[in-house]
Amino acid sequence: MTSTGSTTGPVATTGSRLSIAQGVSRQADYWWTYYKRTWKGSIVSSFLSPLFYVLAMGVLLGGFVHVSPARLDGATSYLAFIVPGLIAAQAMTTGVAETTYPVMGAIKWQKSFYAQLATPLEARDLANAMLLFVLVRVAATCGVYFLVMAPFGVFESWWGPLLAWGVTILVGMSFGTLTFAYSAHVEGPESFGLIFRLGLIPLFLFSGAFFPITNLGTFGEWVARCTPLWHGVNLTRMLCLDNVVWSTAAINLAILVAVTVVGWWLAIRTLTTRLAS
Amino acid sequence: MIRARDLRKSFGDRSGVTVEAVKGISLDVRRGEAFGFLGPNGAGKSSTMRMIAAVSPVSGGELLILGMDPSTDGPAIRARIGVCPQDDTLDTELNVFDNLYIYGRYFGIPKSEVRSRADELLEFVQLTEKRGAKVESLSGGMKRRLTIARSLINRPDLLLLDEPTTGLDPQARHVVWDRLFRLKQQGVTLVITTHYMDEAEQLCDRLVVMDKGVIAAEGSPLELIREHSTREVAELRFPVGDHDATAEKIADLGERVEVLPDRILVYSDDGEHVLAKVHERGLDPIATLVRRSTLEDVFLRLTGRTLVD
Numbered sequence: 001m002t003s004t005g006s007t008t009g010p011v012a013t014t015g016s017r018l019s020i021a022q023g024v025s026r027q028a029d030y031w032w033t034y035y036k037r038t039w040k041g042s043i044v045s046s047f048l049s050p051l052f053y054v055l056a057m058g059v060l061l062g063g064f065v066h067v068s069p070a071r072l073d074g075a076t077s078y079l080a081f082i083v084p085g086l087i088a089a090q091a092m093t094t095g096v097a098e099t100t101y102p103v104m105g106a107i108k109w110q111k112s113f114y115a116q117l118a119t120p121l122e123a124r125d126l127a128n129a130m131l132l133f134v135l136v137r138v139a140a141t142c143g144v145y146f147l148v149m150a151p152f153g154v155f156e157s158w159w160g161p162l163l164a165w166g167v168t169i170l171v172g173m174s175f176g177t178l179t180f181a182y183s184a185h186v187e188g189p190e191s192f193g194l195i196f197r198l199g200l201i202p203l204f205l206f207s208g209a210f211f212p213i214t215n216l217g218t219f220g221e222w223v224a225r226c227t228p229l230w231h232g233v234n235l236t237r238m239l240c241l242d243n244v245v246w247s248t249a250a251i252n253l254a255i256l257v258a259v260t261v262v263g264w265w266l267a268i269r270t271l272t273t274r275l276a277s
Numbered sequence: 001m002i003r004a005r006d007l008r009k010s011f012g013d014r015s016g017v018t019v020e021a022v023k024g025i026s027l028d029v030r031r032g033e034a035f036g037f038l039g040p041n042g043a044g045k046s047s048t049m050r051m052i053a054a055v056s057p058v059s060g061g062e063l064l065i066l067g068m069d070p071s072t073d074g075p076a077i078r079a080r081i082g083v084c085p086q087d088d089t090l091d092t093e094l095n096v097f098d099n100l101y102i103y104g105r106y107f108g109i110p111k112s113e114v115r116s117r118a119d120e121l122l123e124f125v126q127l128t129e130k131r132g133a134k135v136e137s138l139s140g141g142m143k144r145r146l147t148i149a150r151s152l153i154n155r156p157d158l159l160l161l162d163e164p165t166t167g168l169d170p171q172a173r174h175v176v177w178d179r180l181f182r183l184k185q186q187g188v189t190l191v192i193t194t195h196y197m198d199e200a201e202q203l204c205d206r207l208v209v210m211d212k213g214v215i216a217a218e219g220s221p222l223e224l225i226r227e228h229s230t231r232e233v234a235e236l237r238f239p240v241g242d243h244d245a246t247a248e249k250i251a252d253l254g255e256r257v258e259v260l261p262d263r264i265l266v267y268s269d270d271g272e273h274v275l276a277k278v279h280e281r282g283l284d285p286i287a288t289l290v291r292r293s294t295l296e297d298v299f300l301r302l303t304g305r306t307l308v309d
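Just so you know, the protein sequences line up as chains A and B, in that order. Every letter in the first sequence is one number past the one before it in this note's numbering, and letter 114, counting from 1, is 114. Every letter in the second sequence is one number past the one before it in this note's numbering, and letter 122, counting from 1, is 122.
Watch out, some of these pointers could steer you wrong.
What the hints assert, rightly or not - Pair by pair, the computed Cβ-Cβ distance ranges are: (1) Thr38(A) / Gly67(B): 36 to 44 Å; (2) Pro110(B) / Trp246(A): 43 to 51 Å; (3) Val17(B) / Trp246(A): 50 to 58 Å.
Stated by the list, open to error - Covered stretches of chain A, as calculated for chain B (at least 3 residues, CB under 8 Å): (4) 24-31; (5) 104-112; (6) 118-132; (7) 270-277.
Unchecked claim - Derived lysine-lysine pairs resembling DSS-like cross-links, with alpha carbons at most 30 Å apart: (8) Lys36(A) / Lys111(A); (9) Lys111(A) / Lys249(B); (10) Lys108(A) / Lys36(A); (11) Lys130(B) / Lys111(A).
What the hints contain is simulated information worked out from the structure, not anything from laboratory work. Treat the numbers as computed from the prediction; the structure is a model and nothing was measured. From the three backbone atoms N, C-alpha and C, an ideal C-beta is built for every residue, glycine too.
Taking the hints into account, I'd like the entire structure generated from these sequences.
The following block contains the structure:
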């Protein structure tokens, strides 16, 4: 009713929209069955492969790395240095993996978003529920990662890793929301391979997970500081090693929250546009 | 149930060109009737259906569905309509029952209620013994019936069916028609798009023929035939190559004469009379057939015989 206005219909009830909680909870059964169907595969990809990294890079390669803690952001061993970075990077990878092909599939292949859109749900609700599922998946993956690493003596306090867990969830969501928006925008999955090879791997390698970014030179360090992953790695590490510089931490946190909020908004917006066309 | 006045839909494609899919249509669908949209591909049927389904914003004009405005009351409208899309958007990884159950949950129907409705609907579409089967293993007809069952999980007042029997074999089509007919008897309002004329004649009380984004004709199947065609059609087959010359000789015998590559159609209210006249004039067709006009004649007359891609 764009041009004539409504006089015949009942008074427009904006209350016909579902609340955000209703929109999400009505999809709980769907995501629960989806989880039951996929959790076994996700264990392998989201848990075993990072464990290989810890063994190869942290324990075995780390055996050759003997530098003073001052050059490792205060970590007493190389293993203790890279574990927080690896978990933060794993959060990123999980967030991206869960919002590329799954989003494309729901739009293009399975068309499940279109089926859902014929119900009282709106694009907003579909994005929220999927992103909440991504959050649960990131939280589970990183949570297990933290638990498995605890016996290695790489954490300096009990509360640090607990807070760091929240930070890694935020890292996963900052990447997950942005990638969701991207996937809802692009026509096909052709660029996803590029994202993984030219996006995730360089971020993984050069955002401070394996070495302090001061080693990158002035320019490289500046670039690294612009990536959300570095902020996540840095904050996670400070919390795990119990040497938090609170002013830096505040900036790290603010950036992660800001990226997540913007990404979330973009995700809903692009999906709404995509599904209406 | 549906009221549209000068309804329009246009969208810009990715290259920035604006395409006008629906160019101002007006119609009313009344409670309990089966209403059809006929038209060739690209006529604007699906765009219209998507607006009626309250998923695609209206570009211009007025649209009321169940007395509500889709731009503000989309969720409330969708809660009361059922949608059976052209390509089955079933979840192929779930089994038959779960497809219904999970879909019902989207409407906020309590779990136990959804379960009993799902079983009832499986009975209704004759899929009870496939309850635990994976959707992937179903035949095309079964998938379509499951999609229809899914669109009924919220007990809709209005059911939208986009090409409900496209791609189905004759047996499966008749099962679908039979189920749709029962729904109509139960008082569900049906809105159907199709390009099968027999389907439209079978199911629709009233229909519109759409072409290039506008309504070319509106009425009941009988009215449309009466208005846009003759009562009967005489089909005459002559040796190949003779058709054009022969057509000139018999052009006055019907209201309209149409020359096709393999036969001549003479539209007349009395086909036998046409045949007699043809023979009187010393013409000797290889084969003849007198039949009643169908919706297909109306359709082809209104939308042309040219192939639309």
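Hint numbers contradicted by this structure: 9
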